[in-house]
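**Student:** Here the protein sequences line up with chains B and P, keeping their order.
Residues in the first sequence are numbered from 0 upward in steps of one, following numbering that gives the first Met the number 0.
Residues in the second sequence are numbered from 0 upward in steps of one, following numbering that gives the first Met the number 0.
Treat the hints as calculated values from the structure; they're not laboratory data.
From a predicted model like this one, the values you see are computed outputs, not experimental measurements.
Backbone N, C-alpha and C define an ideal beta-carbon position, used for all residues, glycine too.
Careful: at least some of the hints might be erroneous.
As the list claims (entries may be wrong) - Ranges of calculated distance between the beta carbons of each label pair, as one might list FRET restraints:
{"#": "1", "chain 1": "P", "residue 1": "Gly-306", "chain 2": "B", "residue 2": "His-173", "range": "53 to 61 Å"}
{"#": "2", "chain 1": "P", "residue 1": "Arg-18", "chain 2": "B", "residue 2": "Lys-121", "range": "14 to 22 Å"}
{"#": "3", "chain 1": "B", "residue 1": "Gly-34", "chain 2": "P", "residue 2": "Arg-18", "range": "35 to 43 Å"}
{"#": "4", "chain 1": "P", "residue 1": "Leu-282", "chain 2": "B", "residue 2": "Thr-22", "range": "35 to 43 Å"}
{"#": "5", "chain 1": "B", "residue 1": "Thr-22", "chain 2": "P", "residue 2": "Leu-248", "range": "44 to 52 Å"}
{"#": "6", "chain 1": "B", "residue 1": "Arg-82", "chain 2": "P", "residue 2": "Leu-338", "range": "37 to 45 Å"}
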Amino acid sequence: MNGKLRCRQVSLVFTNGAGQEKTVLRSVDAVFAAGAVSVVSGANAAGKSTLLHLLGGILRPTSGEVIWDGQPVSRWTAHHRDRWRRRVGIAFQKVYLMEDLTALENVMVPLIPRGIPVREMKRRCMGALEQSGAADLAPEPVRSLSGGQRQRICIARAVVGDPEVLLADEPAAHQDPEGARQIKSLLLDAAGRGATVIVAAPSGDRLFSGDEQTRRLALEHGALRTSP
Amino acid sequence: MTGRSRGGIVLWASRDLLRRPADALLMWLCLAATAAVLSTALLLTQAVSDTACRILSAAPSLVVRRVDSGGWSPLPVAEAVSRLRSIPGVVSVRPRLWGPASTENGPVTVVGILPGGARQDAIAPPAQGGARVGPGVAVRDGRLLLGAAGRSFTVLERLPPDTAMVSHDLVLLNWHDAGEVLGIPPGFASDLAVGVYHPQEAEVLVPEIAAALPWPVTITTRTEAEAAYSGPSFRRGSLALLAFSPGLLAMLLLVALTIRERVSRKEEIGLFRAIGWTTADLLRLHLVRALLIAVPGVLAGMVAAYGLVFRQGISWPSRILLGWPRPAPQLFLDPSGALQVLASIGALILLPYLAAALAPVLWAGLSDPRDLLEKGR
Numbered sequence: 000m001n002g003k004l005r006c007r008q009v010s011l012v013f014t015n016g017a018g019q020e021k022t023v024l025r026s027v028d029a030v031f032a033a034g035a036v037s038v039v040s041g042a043n044a045a046g047k048s049t050l051l052h053l054l055g056g057i058l059r060p061t062s063g064e065v066i067w068d069g070q071p072v073s074r075w076t077a078h079h080r081d082r083w084r085r086r087v088g089i090a091f092q093k094v095y096l097m098e099d100l101t102a103l104e105n106v107m108v109p110l111i112p113r114g115i116p117v118r119e120m121k122r123r124c125m126g127a128l129e130q131s132g133a134a135d136l137a138p139e140p141v142r143s144l145s146g147g148q149r150q151r152i153c154i155a156r157a158v159v160g161d162p163e164v165l166l167a168d169e170p171a172a173h174q175d176p177e178g179a180r181q182i183k184s185l186l187l188d189a190a191g192r193g194a195t196v197i198v199a200a201p202s203g204d205r206l207f208s209g210d211e212q213t214r215r216l217a218l219e220h221g222a223l224r225t226s227p
Numbered sequence: 000m001t002g003r004s005r006g007g008i009v010l011w012a013s014r015d016l017l018r019r020p021a022d023a024l025l026m027w028l029c030l031a032a033t034a035a036v037l038s039t040a041l042l043l044t045q046a047v048s049d050t051a052c053r054i055l056s057a058a059p060s061l062v063v064r065r066v067d068s069g070g071w072s073p074l075p076v077a078e079a080v081s082r083l084r085s086i087p088g089v090v091s092v093r094p095r096l097w098g099p100a101s102t103e104n105g106p107v108t109v110v111g112i113l114p115g116g117a118r119q120d121a122i123a124p125p126a127q128g129g130a131r132v133g134p135g136v137a138v139r140d141g142r143l144l145l146g147a148a149g150r151s152f153t154v155l156e157r158l159p160p161d162t163a164m165v166s167h168d169l170v171l172l173n174w175h176d177a178g179e180v181l182g183i184p185p186g187f188a189s190d191l192a193v194g195v196y197h198p199q200e201a202e203v204l205v206p207e208i209a210a211a212l213p214w215p216v217t218i219t220t221r222t223e224a225e226a227a228y229s230g231p232s233f234r235r236g237s238l239a240l241l242a243f244s245p246g247l248l249a250m251l252l253l254v255a256l257t258i259r260e261r262v263s264r265k266e267e268i269g270l271f272r273a274i275g276w277t278t279a280d281l282l283r284l285h286l287v288r289a290l291l292i293a294v295p296g297v298l299a300g301m302v303a304a305y306g307l308v309f310r311q312g313i314s315w316p317s318r319i320l321l322g323w324p325r326p327a328p329q330l331f332l333d334p335s336g337a338l339q340v341l342a343s344i345g346a347l348i349l350l351p352y353l354a355a356a357l358a359p360v361l362w363a364g365l366s367d368p369r370d371l372l373e374k375g376r
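Isolated chain B (complex conformation) (with noise of 0.2 Å):
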């Protein structure tokens, strides 16, 4: 398979404020096809989110790495590995947005430090939103939106920088019909341009069931499987 990103034996132990160890992700190893997409599903607390930070570089493994075109990408030191999410976008499940700015400004902060003009940055910016269905949402305050309209700016901010690798958490979570089937147009577009897209959902979850092309993989009790 021809996949840029992997996880080799890569595990995630917390500690809690009592000082119990709880596994979230236990050996895991997995490789992420490029222009394809990755469905990783499971049930509630299964770790789903946690993979995603991992393969997304914002979380280090406890052991095992996360590897990019063949660089160990988890043992890298933070300033490479901040330079490194520049090729990720992350469509963050808790969204995280700034809830005083506008939609279109929040969608704009990933490319502030990329030294792209301004007038080109707003053309990028709407032009992600356009493809989330958010358009009309660009001079809106976020903090005057619905959860399925804060959900459709996170992607477009994940969108916005044309990313190699491709992170949604339940994407479609609080999406109608018509909504959940733009999100997913614009996912399979991404892989379309070339793009790791590895999507976390629910069991059950049925975005992209009947795709032909589309990866099913299982989380369950730490452990990732192939799923049919």
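Got chain B; can you put chain P on it based on the hints?
**Tutor:** Below, chain P alone, put in the same frame as chain B:
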């Protein structure tokens, strides 16, 4: 970093300030007020010192005064001058006539001017019965009553305000009138101004001059005069700084508040890093944001302080800081003195403020973005 990314970060920093305009305005005001308080104390003491040094640079190398058991006493001019001129290294001896005299509005310093002064810039003596007075001398109907006997003099002119540091309470009379007012008989002087060939070596001549005169004398060098003048100013300046320790405490408070505000934005720092900002980008953003507040704030404070110290007619800073009972004279600041004050303000205000703005970003740079996102909640 390209100019474009710098432009983007400056724009975003400005936008970030506008997200909390009241906070930004309050911080600006606090920085401006703190800078004004500290700059006033520093500028005033520095300006007094610079002005004193500037004036004393034209002072004689040595001043010789006769003393006796009752204090100082007049010198016989002819004898003293002839004895001092015979000392190798002495190039000029100039008798001076001066002393305190009373007026209706308090004491003044009376100075007698010798006709035909040797110096090109010497002031011509006023005619008998006339006086030239300093900016601080009160005059009624163009006349001035001097001395215990209340002798009346016609005021011919006022000395220019830019000489106020030395001429504030001066009354210049001709030599004869000054002798009468001060009670010094003809042929005597208050002291002698001695010029030497090598001013840097004036101290070497002190024992020779003392030995050459048949009376006990005190001899003051220019270096001693400078130290005597600027020393108390600096001591008072230090006291003023202590008195303004609330200003420094305010600065500490600003630093603490800035750190707290940045730490409270940990989630945002985590988010920015998660979506592709490097720690260096974040440092630049927070540096620009802090500079956008601090530089105009500190500049405004320093401009206000400059006005308080150098604008004529404002007397309360010098009254509080230096204990001067009257309006301060025109003061000057040398470029090196100005740089010293700028560096002090930079060290006292800008550095701690910028450090407070950047330290939390540096600390956050050591954590994984996910930890910042979770802990920020």
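**Student:** None of the hints should be skipped; say for each whether it holds.
**Tutor:** Hint-by-hint comparison with the structure:
Distance hint for P:Gly-306 and B:His-173: a CB-CB separation of about 59 Å, consistent with the stated range 53 to 61 Å. The hinted window of 14 to 22 Å between P:Arg-18 and B:Lys-121 holds, with their beta carbons roughly 19 Å apart. Range check, B:Gly-34 to P:Arg-18: Cβ separation about 40 Å, and the 35 to 43 Å hint holds. Separated by about 36 Å at the C-beta atoms, P:Leu-282 and B:Thr-22 satisfy the suggested range of 35 to 43 Å.
The beta-carbon spacing between B:Thr-22 and P:Leu-248, approximately 51 Å, falls within the hinted interval of 44 to 52 Å. Checking the proposed 37 to 45 Å range against B:Arg-82 and P:Leu-338 shows it holds: the Cβ atoms sit about 40 Å from each other.
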